[in-house]
Amino acid sequence: MSSLHARLAGLLVLAAAFALQPAPAAAQALTYEEARTAMDAAEAEARANDWNLTIVISDAEGVPLYLRRFGGAQPRSYQIATNKISTALTSGMSTAEYAAAVRDGQIEAIEGAFTFEGGYLIRRNGEIIGAMSASGARGSEDAQVVRAGLAAIGLEP
0 MSSLHARLAG
10 LLVLAAAFAL
20 QPAPAAAQAL
30 TYEEARTAMD
40 AAEAEARAND
50 WNLTIVISDA
60 EGVPLYLRRF
70 GGAQPRSYQI
80 ATNKISTALT
90 SGMSTAEYAA
100 AVRDGQIEAI
110 EGAFTFEGGY
120 LIRRNGEIIG
130 AMSASGARGS
140 EDAQVVRAGL
150 AAIGLEP
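With numbering that gives the first Met the number 0 applied, the sequence shown covers 0 to 156.
Source of the hints: derived by calculation from the structure; they are not laboratory data.
Beta carbons: idealized from backbone N, C-alpha and C, even for Gly.
Mixed in with the good hints there might be a few duds.
So the derived label-pair ranges between C-beta atoms look like this [stated by the list, open to error]:
hint	residue 1	residue 2	range
1	126	31	16 to 22 Å
2	71	104	24 to 30 Å
3	31	124	16 to 22 Å
4	49	75	17 to 23 Å
5	99	51	26 to 32 Å
6	137	103	19 to 25 Å
7	46	107	34 to 40 Å
Given only the sequences and the hints, what does the whole structure look like? Please build it.
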């Protein structure tokens with residue numbers, strides 16, 4: 000066997016060995032049960048403060064898993080909450096972090112993105128598995144509600 004053929008055979012053996020290696024484990028997706036638990040805790044926080052909100056939890060692609068619009072919540076709060084989710088997922092950061100980065104000139108604004116506080120990524124083991132947002136109160140209050148929901152399932156924004 001020529002030297003070239005021997006090298007090619009060696010490369011094929013190495014390639015086959017790498018192909019047989021298991022792929023790194025992806026983070027477990029956000030479950031419906033986790034979303035429900037987070038939503039219940041977020042709602043409890045909002046109701047304890049008499050805030051009429053819309054709260055949305057989505058998967059990593061932005062598809063809603065759970066939605067609650069309280070009686071008295073402004074109709075537009077749904078659109079704002081879903082836009083906060085889109086902004087967080089598109090930018091890879093919370094809406095508050097995104098707003099600060101745009102304001103400070105660190106990044107360019109994303110067309111249609113929202114800079115209102117209250118939209119967060121949901122991460123498990125550093126991997127984005129969803130997003131959660133609230134809308135209808137002040138931004139800091141929306142954020143407080145979302146953080147309460149995420150704390151209930153042991154996931155930080």
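So, going through the hints one by one against the coordinates:
Residue 126 and residue 31 have their C-beta atoms about 19 Å apart, which keeps the hinted 16 to 22 Å range intact. Residue 71 and residue 104 have their C-beta atoms about 39 Å apart, which leaves the hinted 24 to 30 Å range violated. Between residue 31 and residue 124 the Cβ separation comes to about 20 Å, which falls inside the hinted range of 16 to 22 Å. At about 19 Å, the CB distance of residue 49 to residue 75 agrees with the hint of 17 to 23 Å.
Between residue 99 and residue 51 the C-beta distance comes to about 27 Å, which sits within the given range of 26 to 32 Å. For residue 137 and residue 103, the Cβ-Cβ distance of about 22 Å falls inside the hinted range of 19 to 25 Å, so the restraint holds. A hinted range of 34 to 40 Å holds for the C-beta pair residue 46 and residue 107, which are about 39 Å apart.
Comparing the model with each numbered hint stated earlier shows that hint 2 is the single one that does not hold.
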